[in-house]
Structures are given as C-alpha cells and as structure tokens.
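**Q** Sequence:
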Amino acid sequence: MEIDLPFIWAGLIAFAVLAYVLLDGFDLGIGILFPFLKNREERHLAMNTIAPVWDGNETWLVLGGGGLFAVFPLAYAIVMPALYPLIIAMLLGLIFRGVAFEFIHRTTRMKSFWEFGFWGGSLIATIAQGMALGALVQGIAVDGRAYGGGNWDWFTPFSVLTALALVTGYALLGATWLMLKTEGETAVRARRLAMPLGAGLVALIGAVSLATPFLMPEYLDRWFGWPSGAWSAIVPILLALAVWQLWTGLKNHDDMRPFLATVAIFVLSYAGLGVSFYPNLVPPALTIAEAAAPDSSLMFLLVGAVVLIPMILGYTAYSYWVFRGKVRPGDGYH
32 MEIDLPFIWA GLIAFAVLAY VLLDGFDLGI GILFPFLKNR EERHLAMNTI APVWDGNETW
92 LVLGGGGLFA VFPLAYAIVM PALYPLIIAM LLGLIFRGVA FEFIHRTTRM KSFWEFGFWG
152 GSLIATIAQG MALGALVQGI AVDGRAYGGG NWDWFTPFSV LTALALVTGY ALLGATWLML
212 KTEGETAVRA RRLAMPLGAG LVALIGAVSL ATPFLMPEYL DRWFGWPSGA WSAIVPILLA
272 LAVWQLWTGL KNHDDMRPFL ATVAIFVLSY AGLGVSFYPN LVPPALTIAE AAAPDSSLMF
332 LLVGAVVLIP MILGYTAYSY WVFRGKVRPG DGYH
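All residue numbers for the sequence shown refer to my numbering, where the first residue is 32 and numbers rise by one.
The hints are simulated quantities; they were obtained by calculation from the structure and are not laboratory data.
Heads up, some of the hints might be wrong.
Claimed, not checked - Derived pair list, reagent style DSS-like, types lysine-lysine, alpha-carbon separation capped at 30 Å:
#1 K282 x K357
#2 K357 x K69
#3 K282 x K142
#4 K357 x K142
#5 K142 x K69
Unchecked claim - Per label pair, the in silico range of CB-to-CB distance:
#6 N182 x Y351: 16 to 22 Å
#7 E89 x P267: 27 to 33 Å
#8 A261 x Y301: 56 to 62 Å
#9 P310 x K282: 40 to 46 Å
#10 T139 x A234: 40 to 46 Å
#11 P248 x E216: 50 to 56 Å
#12 V353 x A238: 18 to 24 Å
#13 E133 x K357: 32 to 38 Å
All C-beta atoms in this analysis are idealised placements derived from N, C-alpha and C, irrespective of residue type, glycine included.
Please construct the entire structure, taking both the sequences and the accompanying hints into account.
**A** Right, here's the structure in full:
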C-alpha cells in the first residue's frame, strides 16, 4: 500500500500547531490577565504556575514553523509574504515577553516596566496569531507560485474578529489554568474572570462560525452541503457539550473540569478549521499535495520526526508531571 506522505506530514504539522496553541495558549493567557490580578504578589504567583513549562511550550511553534518550511516549501513561500507584518509582530512579542519573564524577578527599579512588557508581549503575540489565522481562513491570493495579494490584505474585519476571539480564548485558558494551579483568593478571582470570558468566547466563536461559511463557496458546501454537512454537524454538537462542561465546572467550583473543557473547545474549533480547509493547505486553491516537497524529502524528514516528536512529547509530559499540583505564595523556580 502506498503511503500518502503529504497527508501524514499535514497531520503532524497540524498536531504541532494545535499543541502550541493549547500549551502556549494558557501561559500567553496568564500575561493577558495581568492587569486583572489583584497585586504584584498575585501576578508573580500566576507567573510561577507557568515558570517550569512556558519556554518548553514554545518548542511546538518551532516544530510547526520549521516543518512547514521543510515539508511544504511552496506554502511557506506564499504564506510568509502575505503575513510578514503579523509574523514579525508575533516574534517580537514573544521575544519581549520572554525577556520580561526573566527580568521581572531580577530587577527592582524597573519591575513595573517589565510587568507591562510581559502583558504587552503576550497581548501583541496573541493578536498577531489571531489576525494571521483570520487572514489564512479568508484566503490568500496566489499568482502562479507566489503571493499575489497586497501589503494589507491581512487586515480585515474578519481577521480582527478572529484576533479578538483568540485573545478571549487564551485569557480563558489562562484563567482556568489558574483555577487548576492555585487556591484561595487567586483561584476565586480566576473563576470570576472565567465566567464572562467563557460567555464572550462562545459568542465570538458563534460569530466566526457564522461568517466563515460565507467567505468561500467551498466552505459553505462543506458545512451545509450533503452529505458533508451531516458529518460536519458533529463538530458544533460536541462544541456545545464542551461549553456545557465548562459552565457546569465553573458553577460547581470544579478545579480541573473548566480547564479541560476549554481545551476541548479549542480542539473542536481547530477541527472546524480542518473541515473548512481540507484538502487545501492554503485556501482557496493550494492543496496539500501541490504544496508538498518531493516524496524522497518527506520520507527522509519523517524518519527524524518519528524519533524527535516522541522525545518532545516525553519530556513535555514529564515536566508537567514533576511540577503537578498547586502552586502557593512563596513557591518559585527562579
């Protein structure tokens, strides 16, 4: 049986991007929530909940971006020029946020500046990611084998909507993570923040979901055509169940269920993107097969991925296991 290497690699890169969104999402969410935490001690407690894992979470971004360059070079060559301002803004935000993370604990006079930098870097990186997602979903103009659009095609009402949705979603991930990892007043405050964030995220997902099918005829057919629409309906049904679990978890003061429900909401929203995109890698016209490198290159890289990805999963799981449990004031890893 012939192995469909482009399809396998599309799945691996999709998994890497999803892993990044989930893992780096909650620590970006912690940064976004900084202004809403009570005081400096509570902000530093929130940072300590992610201190052992935040830099490892970004491994998946490197894997996803590097994999796209190596495995789907045509897609990389088209997408990057379309999204250069957003990619640069995201990287600068992540860099400044990373520097701020270290300097907050090593300075006295400029502590407020670096706290602002941690918040600003987290927010800018999230907005850039959300707008890049919106620009990709609405379609990228292709001229032959190159980007055929303008410098500002990425800036549209739809990309602003997806950015707002991602900021709200990451903030909800951060709030539910704090519920999971802290106790007392901090956990109560996180639960209070999670309530309106959850409602806002559901409303924004609804708005994005209603707008997406009308961006392209292909999207409309996949969501409302027959028989594809019958299979696609599974996603919103499961999404409604995840929202219900989030709501009941918050109402019942459950520590873990709201976080897991929020993760499920992200996974199902990501699955919805897959329903809209497949078999395209760059909508509206560049398919997975057309964008892929030669099979010999894909097989060579797959051998490395078979070794590397389980190693990343292993040390990620181990780090979360070692630093499991609640984090209390006075605990720290610096």
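**Q** Hints first: check each against the structure and report whether it holds.
**A** Verification of the hints:
1. For the given pair, K282 sits about 21 Å from K357 by alpha-carbon distance, which is consistent with the 30 Å threshold.
2. Distance restraint check for K357 and K69: the Cα-Cα separation of roughly 19 Å lies within the 30 Å cut-off, and the hinted pair is therefore satisfied.
3. Distance hint between K282 and K142 is unfulfilled; the C-alpha atoms sit about 36 Å from each other, more than 30 Å.
4. Pair hint K357 plus K142 holds up; C-alpha atoms about 25 Å apart against a cutoff of 30 Å.
5. Under the criterion of a C-alpha separation no larger than 30 Å, the hint pairing K142 with K69 is consistent with the structure, at around 16 Å.
6. The hint said 16 to 22 Å for the Cβ distance between N182 and Y351, and at roughly 41 Å that hint is violated.
7. For the hinted restraint 27 to 33 Å between E89 and P267, the CB-CB distance of approximately 31 Å keeps it satisfied.
8. Take A261 and Y301: their Cβ atoms lie about 21 Å apart, and the range 56 to 62 Å is violated.
9. A hinted range of 40 to 46 Å holds for the C-beta pair P310 and K282, which are about 41 Å apart.
10. For the hinted restraint 40 to 46 Å between T139 and A234, the CB-CB distance of approximately 42 Å keeps it satisfied.
11. The supplied range of 50 to 56 Å is met by P248 and E216, whose beta-carbon atoms lie about 52 Å from each other.
12. The hinted range of 18 to 24 Å is not satisfied by V353 and A238, whose Cβ atoms lie roughly 40 Å apart.
13. Under the hint 32 to 38 Å, the C-beta atoms of E133 and K357, about 24 Å apart, miss the expected range.
Checked against the numbered hints given earlier, this structure breaks hints 3, 6, 8, 12 and 13; the rest are met.
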